[in-house]
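**Q** These protein sequence lines map, in sequence, to chains A and B.
Using my numbering, read the first sequence as starting at 1 and increasing by one per residue.
Using my numbering, read the second sequence as starting at 1 and increasing by one per residue.
These are calculated hints, taken from the structure and not from any lab test.
A hint or two may mislead.
[To be verified] Once the Cα atoms are required to be at most 27 angstroms apart in a straight line, the calculated DSS-like pairs of lysine-lysine come out as:
1) A:K204 x B:K142
2) A:K204 x B:K92
3) A:K327 x B:K92
4) B:K92 x B:K142
5) A:K327 x B:K142
6) B:K176 x B:K156
7) B:K142 x B:K156
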Amino acid sequence: MDAEPLRMFSCSSSGREAVIKGQLLPPGGAAWLLLHEARLNLRTVTARKGAALVFLVLGLVLAVVTVFAGVPLALLAERTRFALGPISILAVDAGLVMIFTLILSQTLSAAVSSFYDRGDLDLLLSSPLPPQRVLIVRAVSVAVTPFLWFALFLTPVAVPLAILNSPLWLASYLVLASMALLAGAAGLSLAMALFRLIGARATKTAGQLIAAVIGAAFFLISQLRNLLPDQGASIMSALFKKAHSGVFEPGAPLAWPAEAVAGSPLPLLGVLVLSGAAFMTTASALGKRFAADAAAAAGAGAGPFRVSRRAISEREFGDGVFSVMVKKELRLLIRDPTLLSQVLLRTLYVLPLTFLLARNAMRSRGDPIHTAVRFHGLGTIAYGSASSFSVYAGAGALAFLAGQVAGSLAWITISAEEAPELLACAPVDGERVRQAKLTATMVPVALLLIAPLCGLAAFAPWVGAAASVGAAGSAVSAGLINLWFEKPASRKAFRSRRGGSVLGAIAELIMGLGWGVTTGMIAALSPYAVIPAAITLLTLGLFYGLANPVKGY
Amino acid sequence: MTGPNAVEIRDLRKTYAKPAVDGLDLTVRAGELYALLGPNGAGKTTTLRMVTGLLQPDAGSIRVFGCDALADPRAAKQMVAWLPDEPMLYDKLTPVEYLQFVAGLWGVDAAAARDRAETLLRLLDLWDQRGQRCEGFSRGMKQKAALAGALIHDPKLLILDEPLTGLDAAAARQVKDLLQERVRAGATVILTTHILEVAERLADRIGIIMAGRLRAEGTLAELRSRAGEGDHGRGTLEDVFLQLVGT
């Protein structure tokens, strides 16, 4: 028998052979696995249609921010010989906590998804690799994406500071990497803790919801002043007092994270060692459970089934096409954990806005001081008190938000249809199906916004009416854009809308902004509202002309 | 007096990079179980997708029970059910909710839909799981739920693409029995399969398609004869098939 084919299947115990053959890393090692994951992730990103355009636009935005914000900031730091003090340490620490919560939100969500979406997890766990190694690679992998995003946003500030002030500012990247690593391990630990506490089936939804709450946590804390005006203010003043009491003085333990960002060697070493140790401890402690949890996730939702006892009644049948379509879409929306977490996240963002709007609407009624907003060449474009301006802005924000939520829901109902062939081979009118889908997307948007809109209408009826019309216009526009730029995609791609239309996403954003500005100006009774309104409607018409949907049914 | 044929395809053409269906003529009689066989890439699925209205042909005509499927697709679709190899299901719906949805799409009367739903779910052993979401179902259970969806509107023509893929022996038996029962009840069934024993056992007539054209058609005996085995040949359908496609 020919010996050559046999060699293909022979194992190298040390991996040295592979290195000699030209591979850089020994097969099966953590670094080799990481390289494999990196290659797959890179191909996923670059394979996206329009990826080059997205990177180009992102690069331009970063360049503009670098020139107009990063460079002046670095020059200021150099001129004033900036040194960290209690208040700046408090600010940097707060920023780091905010970034950590945002990264943790992403890593928890990614960790939960990685259990259920499987990918190559079954292959890795059925191989002779130790599960600890697979866990380490998975934890690093879920941390890499948020790290890269935040590193990108950090660059316009960190690089000018490093060039014009001190190269030590580059240490901020190391601190960011440490936080991402820690968040990666924490995300996986949280996911696995949820597995133990509530089981594999419930973790799928609960994990996404907790990730949403963690993501909004810092925003909610920052809105304490709006949510609880008296207590919020006292918390803030107590925090500033603490800053001056020595707790945030340079050299104090709470100052270490901020000092590490500025490149101070000992705090930087401390942050790196602490995060590395926490990561490795977590990986080795949880490694054995990892394979068991992954297996549990694979079986989540599978039998044994509870026997259904409920009889099926005639009333459950007999609905027409429109009705069954709307019911089906609403059922699928309600039962989608990823979507639920997104809607919850937006609800959490709406909550403080609702309080703020109601309070300012109440205040604006008796506000004696009015100011005029002038625009070069147009004269006075709006007139009102400071409180009323914030109400107008809030009305605009609600309209923008309505478009964003409707856009997400419309994408999932229209483009991410799970059984397009079923609809295509059914004796139904495709337009009727799309109308039903659009209607179904409007229901959750209305439920989400009904409280703030009613609250607003109670205290400022005209503003409430303007916000309601603006929100409806924005939501319908977003829905229509998703119909016009329909592009069949997998429901699993919802979070990143992978495979979606880039032009559609841009159109959705422009429409949201257009409706937001128009609503705010109509609320302010500005006659110039006609300008953004006309631009918005013309742009909508333009996008209708550009539409080239790939209809799946 | 005989009614129209279930399917009449004339000079059907569809080209992607190369011709997938190349001047196909095919007739399926009403009330028969017709097996469409052929090697991978022969054009079986493309043909059936054009019959169900999922694909627009480049040329040719398709009539379903006398109705021009290209001129009046909705009327044709009303009579047809399509079951692809990958079940067209919604993971987050229960079998009952799925059947409600499909019944709504085909405009089935409430009382009839309810009765058929119960009958089908019991027949396919899904009655006890009628309240569970399909996401936890095995491949076979999903395929059976999809089959129930295909039958809820009592189609005159049932078209199935590899209906037994991934089914265990018991589920495959249930599906085969159900298909034969539908034919006894007067429906027409067209199926594609790579399991030639299934075609041999179930089909009234068999069509063998290659490179988008019908290579041979008839009963097993007729195909044996065509393959040069004579009227009393004992070759299996596999032998005949391999001989006819020249592998």
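**Q** Run every hint past the structure and note whether it holds.
**A** Evaluation of the provided hints:
1. A:K204 x B:K142: holds, 21 angstroms
2. A:K204 x B:K92: Since the Cα atoms of A:K204 and B:K92 sit roughly 13 angstroms apart, the hinted pair holds (cutoff 27 angstroms).
3. A:K327 x B:K92: holds, 13 angstroms
4. B:K92 x B:K142: Satisfied, since the Cα-Cα distance of roughly 12 angstroms is no more than 27 angstroms.
5. A:K327 x B:K142: Holds - the C-alpha atoms of B:K142 and A:K327 are around 21 angstroms apart, at most 27 angstroms.
6. B:K176 x B:K156: holds, 17 angstroms
7. B:K142 x B:K156: holds, 23 angstroms
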